[in-house]
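Take these sequences, add in the hints, and give me the full structure.
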Amino acid sequence: MELTKKERAMLDGEMGKAAAKAMEILVAVGKIYSAGRMVPVGSVQIAGVSYKTIGDAGIEFLQGFADTGAKCIVPAYLNPAGMDLLEWEGMGVPKAFAQKQLEIVGLYEKMGVKATCTCAPYQIGIVPKLGEHLAWSESSAVCYANSVLGARTNRESGMSALAAALCGVTPEFGLHLEENRKAGVVFELECRLKDRYDYAVLGAHVGKIAGERNPAFVPRAEDKKPTNDMLKLLGAAMAATGAVALFNFKDATPEFNVREGAEKIVVEQKMLDETVAKMNTGEEPELIAIGCPHCSIDEVCEIAEKVKGKKLGAKKLWVCTSRGVKAVADAKGYTQVIEEAGGKVVCDTCMVVCPIEQMGFGITGTDSGKAAQYLPGFCKQKVVFRRLEDMI
Amino acid sequence: MSIKLRGRSISSGIGEGEALVSKDAISFLGGVDAKTGVVIEKGHALEGKCIAGKVLVFPRGKGSTVGSYVLYQLAKNRVAPAAIINVEAEIIVAVGAIVSNIPMIDKLEKDPLAEIRDGQVVKVNGTEGTVEKE
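Those protein sequences? They're chains A and B, same order as listed.
Each position in the first sequence, counted from 1, maps to that position plus 7 in this note's numbering.
Each position in the second sequence, counted from 1, maps to that position plus 373 in this note's numbering.
Keep in mind that the hints were calculated from the coordinates and are not lab data.
Please note that a few of the clues may not be correct.
Calculated cross-link-like contacts (lysine-lysine; reagent style BS3-like; alpha-carbon spacing at most 27 Å) [unchecked claim]:
#, chain 1, residue 1, chain 2, residue 2
1, A, K38, B, K422
2, B, K483, A, K78
3, A, K322, A, K387
Stretch by stretch, here's where chain B covers chain A in the computed footprint (C-beta under 8 Å, at least three residues) [to be verified]:
#, segment
4, 26-40
5, 161-169
A quick note: this is a predicted structure, and the numbers were derived from the prediction, not measured.
Where a beta carbon is used, it is the ideal one built from N, C-alpha and C, also for glycine.
Given below as structure tokens:
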């Protein structure tokens, strides 16, 4: 691998022990994937924040790394934690868990990572430009950045992302290179595409069949152009049921490049209905959780309209989002409407990385294809994968 | 030490010890006890064996990326392998080895699973990307 003078100096320890380790990681990753050189990154997004995910092993590592003087040299942002960092007690998060979680966030902050704790940083002003190189790690954020924004990032691990934040570069391979960004399979959509849920279902289905290929979507001429929220739900589901990190959507994404000879697959509603039937394993949810990925302000508004004047009774409702979006929701009165119905606007976390299985929940309802895929394995939940209005 | 094999450097440093060879891939998260260094994955080729101080030879890593942190825990608990030789490295073990200061190489000119025997004393030079054996 070819390194610049500055990168070589980092590797040789001239910028400190932590930067040297970080550069050694980036060089090894580059070797494994046959990268020719490094590319500078505009920002870094780091997964591996919840205590539930990284455990004591993660804390020990972060402690050790922070102690060697690790400091970010490009803007770096955290993925959701395992709880609302301020309101965790009200959520019912065990105290022992909360202490470990606060320790983890503190260690990242010590290294200069901002505790945004969101999987949708693009909803709070962190919006990469078309063609900008990044080192992001949460799978839905990666998919959104590549597809909806046209930025360039691989799906980094928490550690390779942290290394990129310390060095300001990432090895150039995979989706950083134009030749790997073409779509290898085209889905011709003859299914229903009316709301966010329809896109989540489509994503859950397509993720399972796209395999290693980047998918492209061609809707019918009469379909309305999807909103960014719909594309967010689509990408998140594909990244969870499959390994999709980039998709193109005709007339909705800034790029639409299909490889010559790409396979064409027609998607009909009955295929999607079968996918949903397989993912639905519960009947009545004890917890309804919306916001995987984190809700935008438009989505919080939509949810508030749907629950306005209703009483949820014994069912809990969590609307998961970032602290930035909640501040707007508070000001607009959406939070109050949701709370009056018996729900909560929860920040910094989501139903997947929060230890809900330790908090007495066994059946969770969601309209997210990504959450529906992960809840059984990560959180031991039975899943109700339906529209919000069909669950309340 | 007579025979020297060339490979590719992944994690720098020099480590020496008795070889422990596994035909199976290793997941450090859930597969190895971080306190004792004993392989606990049911049905694994190394189940019940301790990897502490050994030159661990295996095809590649598998499983969760949290496995990198587990390697770090093993090193902190002083039960990490002395060095790692993979047929072909992947990110989880490579990153774990680097942050834990465990020398590591891969892509040897000959198949390490056939060339290296259990108990044989081997010396891995992770900086140069070479391994020497008796």
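**Request:** Against the earlier hints, flag every one the structure doesn't satisfy and list their numbers going up.
**Result:** 1, 2
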